[in-house]
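Visitor: Note that full-length UniProt numbering has the sequence shown beginning at 1, numbered continuously upward.
These aren't lab readings, by the way, just hints derived from the structure by calculation. Hints should not be assumed to be uniformly reliable.
[As the list claims (entries may be wrong)] What follows is a set of in silico ranges between Cβ atoms, one per label pair, in the way DEER data are often shown: (1) Ser83 x Ala29: 16 to 26 Å; (2) Gly81 x Lys3: 29 to 39 Å; (3) Gly27 x Gln89: 17 to 27 Å; (4) His67 x Leu98: 15 to 25 Å.
The beta carbon of each residue, even a glycine, is placed where N, CA and C say it ideally should be.
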Amino acid sequence: MHKPTLLIVEDDAWLAMDAATQAETAGYAVILAQSVAEAQRILLLEDVDGAILDFNLPDGVVTPVAHALRAAGLPFFLVSGASLEAIEQTGLDNPPLLNKPVDYLKAMALLMRDSEAPARQSRMAG
């Protein structure tokens, strides 16, 4: 049986490990990234079914990753303390947003709801 793969992009190691543990407990395979560049590389090399994205990362905001996920039709949520208006000013319209602190189990349930059956996308290269 296919175990859905969740990309978690979070630069805070404690939050990333907490989210990963909860995701694995919920039945996900997890891929972690700590930067926009790392997340973009992962999207080119790995198959993912959805993502939880911290908005502010050391190398910038996660908007390019969110755009790639949206273009591929993959569900995602942003997690941030930033306002919706501030996030939309980066060029991401009406993003799915959960405010920190985040209940990651709730976020995963929302991801599954938003993708009736996770449509695994082959690598996004090309």
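Visitor: Of the hints given before, which are not true for this structure?
Guide: Numbers 1 and 3 - these are the hints that the structure violates, sorted from lowest upward.
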